[in-house]
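**Student:** Given next are the chains, with one letter for each unit.
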Amino acid sequence: MENLLEVKNLAVSFKTFFGEVEAVRNISFSVKDSQTVAIVGESGCGKSVTANSIMQLLPMPPAFFKGGEIWFEGENLLKKTDKEMQKIRGNKMSMIFQDPMTSLNPTIRVGKQIVEGLIHHHGISKQEAEEKALEMLRLVSVPQPEKRIKQYPHEFSGGMRQRVMIALAMVSDPKLIIADEPTTALDVTVQAQILELMREIQKERGMSIILITHDLGIVAEMSDKVVVMYAGQIIEEGNTKEIFENTKHPYTAKLLKSVPRLDMDKNEPLHSIEGTPPDLYIPPLGCPFYDRCDKAMKICKDNMPDEENHSPTHKSRCWLNHPLAKDQERRSS
Amino acid sequence: MKKYIFKRLGMSIVTIWAVVTITFFLMHSVPGDPFRKEGKMSPAVYENLLEKYGLDKSYPEQYMIYLTNLLKGDFGDSMKSKVETVNDMITRGFPVSAYLGVEALLIAIVFGPALGALAALYQNKVPDYIAMIVAIIGISVPSFIMGTMFIQFIAKNINWLPIGGWGEFKHTILPAIALSMMPLAYMARLMRSSMLEVLGQDYIKTAQSKGISKAAVVLKHAVRNAILPIVSVLGTLISNLLVGSFVIEKIFGIPGLGALFVQSITNRDYTLIMGTTIFYAIVLIGMLFLVDLAYMAIDPRIKLTGEGR
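Chains as they are written, first to last, in full-length UniProt numbering: chain A, 1 to 333; chain B, 1 to 309.
Watch out, some of these pointers could steer you wrong.
What the hints assert, rightly or not - Taking lysine-lysine pairs in the DSS-like style, the calculated list, with each CA pair at most 30 angstroms apart, reads:
(1) K214/B x K112/A
(2) K8/A x K83/A
(3) K203/A x K8/A
(4) K80/A x K220/B
(5) K295/A x K315/A
(6) K147/A x K203/A
(7) K87/A x K220/B
(8) K40/B x K80/B
(9) K8/A x K52/B
(10) K82/B x K32/A
(11) K40/B x K52/B
(12) K150/A x K205/B
(13) K150/A x K3/B
(14) K205/B x K132/A
(15) K150/A x K87/A
(16) K132/A x K87/A
(17) K15/A x K87/A
(18) K112/A x K15/A
(19) K295/A x K257/A
(20) K80/A x K205/B
(21) K8/A x K214/B
(22) K112/A x K205/B
(23) K72/B x K2/B
(24) K57/B x K80/B
(25) K79/A x K214/B
(26) K147/A x K220/B
(27) K205/B x K92/A
(28) K40/B x K66/A
(29) K52/B x K82/B
(30) K79/A x K92/A
To be verified - Just so you have them, the derived chain A footprint on chain B, three or more residues with Cβ under 8 angstroms:
(31) 197-204
(32) 208-215
(33) 219-227
Hints were generated in silico from the structure; no laboratory data involved.
Quick reminder that beta carbons are idealized off the backbone N, C-alpha and C, glycines included.
Model the full assembly from the supplied sequences, consistent with the hints where possible.
**Tutor:** Listed below in structure tokens is the structure:
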């Protein structure tokens, strides 16, 4: 399979009054055709910045690219002008946002919002546009599409609006969809419906999905590949099976442990990872997870571990991978 | 919708009645009357004058007479002008003031929001600073200073436009600009802040993610949502502009409605006070109604119904 998208050594920073925040630090990953890649991590770990960098929707300034390349269908997106990028955005790649309650323009009819991008990119007629809008609403299973396209977003429920957002993202038949926490704002049953819908559409149309989430339950259900980010870096990457069954990085392990389970004892407290991620004004020299890791060793403090391959698809960055790690003195926590 | 309009109409009539009543009794509670100050007047003449204008009757009686006349659309005779009725004075002054007001309004509505939107789009850059300097000048420099400066520099020194007077279009330019500065500046500031808020909304990002041009994002998605706060202040603004400004009309020698407001008070011209106040109330209520209709046209979430919320 060909790589549809390849991110190479991407580094994104934000200029602020207090100095530079290194939100994304040298990350590389790839997305193949029809693959679903999940990017997971806590709030502020750089997931959304990564997604917005690919779409080039970051406000610049304050954001700027410090380095790296983003290859999409054989072209480096970071070399493109605004105009060229507009032709790709909403055409070959599109995005689904977190909060469907605020992501639709309250003063424009839903049907028009869905096809707006299409009209812009392909200059189709009004009638074609309306038919297309109807087709899209049917695709995302919105009942009574003839009536619905003439309505405004406030007449839709949260789940229905997210369906509209999916329709909006799918309308130009993109190669890549970036879903930035698409179900976070929805309740659990609606969440399941939306995920099911996305899977069905993917099966039918075969686009690739980058799924950004902090919910590992969704990851297990949806994705082929998982990228775990922490403090702007990728600390573990692998097939979903590898990540769940052969967890290498202590951070990933803790993330997995903090997923609430139905079979948990009622009185058992929910697990959480103590502490907060490091301040990215002054990124730590060593492993950024050092302060919160209960397996941390002396070497972790000032030295960043190299990437270690566990299989052709599975790699992680942790000193525990090192052959000498077992002999090292463990820090008692 | 029909129900709403009828309800609104009924409410308006009640409001106007309240304005009439309150103004009437407030006005009469102030000591003195229209004729007391007029120097050497024999008591007999004074009594006669009171009788002629019905001021010798009790307040409730006068009030009832005034109300019945008002229902016929008659504001009564002016107590100072010997030749004109209040209706005459308003129909003479209003078109002048309204003409000037509409001109000022057009200037303000075209340039105010545009300036504000520009400032928001180029936040903390040169266009923003220029727009906000203009806005601060517009808000903080009083219209009588603006007016006199225009007369000094544009009318007198370089002789482009007439100093004052009324009759041709060229007479209206300077006063209209002077009159428009305050609302223009106010709208610019309002538009800037509301535009900044809208530009930070998620749906703007959605619009950008569709790959449409920057201009389309701003014009189709941002402006329509950002204009709402402007529309809501428009009602008061328009009615103020329409009924004229005493200061501007005085400076440029314009025979508008603005002067009548001040004259009526200083002269204790009871009927003129009532007439101008009620007229202003009617214009204001009408404008506020139009604003609510405009609101509904712009924002589909706002539905006007006869029922309470």
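**Student:** Does each hint fit the structure? Answer for all of them.
**Tutor:** Evaluation of the provided hints:
Using a Cα cut-off of 30 angstroms, the hinted pair K214/B and K112/A holds, with the two alpha carbons roughly 18 angstroms apart. Between the alpha carbons of K8/A and K83/A the distance comes to roughly 23 angstroms, so the proposed pair stays at or under 30 angstroms and holds. Restraint check for K203/A and K8/A: satisfied, since their Cα atoms lie roughly 28 angstroms apart, inside the 30 angstroms limit. This hinted pair checks out: K80/A and K220/B have alpha carbons roughly 25 angstroms apart, not beyond 30 angstroms.
Restraint check: the Cα-Cα separation between K295/A and K315/A comes to about 19 angstroms, which is no more than 30 angstroms; the hinted pair holds. For the hint linking K147/A to K203/A, the alpha-carbon distance of about 28 angstroms falls within 30 angstroms, and the restraint holds. This hinted pair checks out: K87/A and K220/B have alpha carbons roughly 19 angstroms apart, not beyond 30 angstroms. Between K40/B and K80/B the CA atoms are separated by roughly 16 angstroms; this keeps the pair inside 30 angstroms, and the hint holds.
Using a Cα cut-off of 30 angstroms, the hinted pair K8/A and K52/B is violated, with the two alpha carbons roughly 96 angstroms apart. Restraint check for K82/B and K32/A: not satisfied, since their Cα atoms lie roughly 92 angstroms apart, outside the 30 angstroms limit. Between K40/B and K52/B, the direct Cα distance comes to roughly 19 angstroms. Compliance with the 30 angstroms bound is thereby established for this hinted pair. Between the alpha carbons of K150/A and K205/B the distance comes to roughly 22 angstroms, so the proposed pair stays at or under 30 angstroms and holds.
Between K150/A and K3/B the alpha-carbon distance is near 25 angstroms, which keeps this suggested pair within the 30 angstroms criterion. Annotation: proposed proximity of K205/B to K132/A holds, straight-line Cα distance about 23 angstroms (limit 30 angstroms). Taken as a hint, the K150/A and K87/A pair is honoured in the structure, with Cα atoms around 27 angstroms apart against an allowance of 30 angstroms. Restraint check for K132/A and K87/A: the C-alpha separation of about 20 angstroms stays at or below 30 angstroms, so the hint holds.
Distance hint between K15/A and K87/A is fulfilled; the C-alpha atoms sit about 28 angstroms from each other, no more than 30 angstroms. Of the pairs offered as hints, the one joining K112/A and K15/A is violated, with about 37 angstroms between alpha carbons and a cut-off of 30 angstroms exceeded. Simply put, K295/A and K257/A have alpha-carbon atoms about 15 angstroms apart, close enough for the 30 angstroms limit, and the pair holds. As the CA atoms of K80/A and K205/B are separated by approximately 19 angstroms, the hinted pair is consistent with the 30 angstroms bound.
Distance restraint check for K8/A and K214/B: the Cα-Cα separation of roughly 28 angstroms lies within the 30 angstroms cut-off, and the hinted pair is therefore satisfied. The suggested pairing of K112/A with K205/B holds, with an alpha-carbon distance near 16 angstroms, which does not exceed 30 angstroms. Proposed proximity of K72/B and K2/B is supported: the alpha carbons are some 26 angstroms apart, at most 30 angstroms. With a C-alpha separation of about 19 angstroms, the suggested pair K57/B and K80/B falls inside the 30 angstroms cut-off, and the hint holds.
This hinted pair checks out: K79/A and K214/B have alpha carbons roughly 19 angstroms apart, not beyond 30 angstroms. Between K147/A and K220/B, the direct Cα distance comes to roughly 23 angstroms. Compliance with the 30 angstroms bound is thereby established for this hinted pair. Restraint check for K205/B and K92/A: the C-alpha separation of about 17 angstroms stays at or below 30 angstroms, so the hint holds. Distance restraint check for K40/B and K66/A: the Cα-Cα separation of roughly 90 angstroms exceeds the 30 angstroms cut-off, and the hinted pair is therefore not satisfied.
For the hint pairing K52/B with K82/B, the CA-to-CA distance comes to about 13 angstroms; that is within 30 angstroms, so the pair holds. Only pairs whose Cα atoms come within 30 angstroms are accepted, and K79/A paired with K92/A is accepted, the gap being roughly 17 angstroms. Interface restraint, the region 197-204 of chain B with chain A: holds (3 residues with C-beta to C-beta distance below 8 angstroms; minimum three). For the region 208-215 of chain B, the stated coverage by chain A holds: 7 residues have a C-beta nearer than 8 angstroms to a C-beta of that chain, and at least 3 were required.
Counting residues of the region 219-227 of chain B whose CB falls under 8 angstroms from any CB of chain A gives 4; the rule of at least 3 is met.
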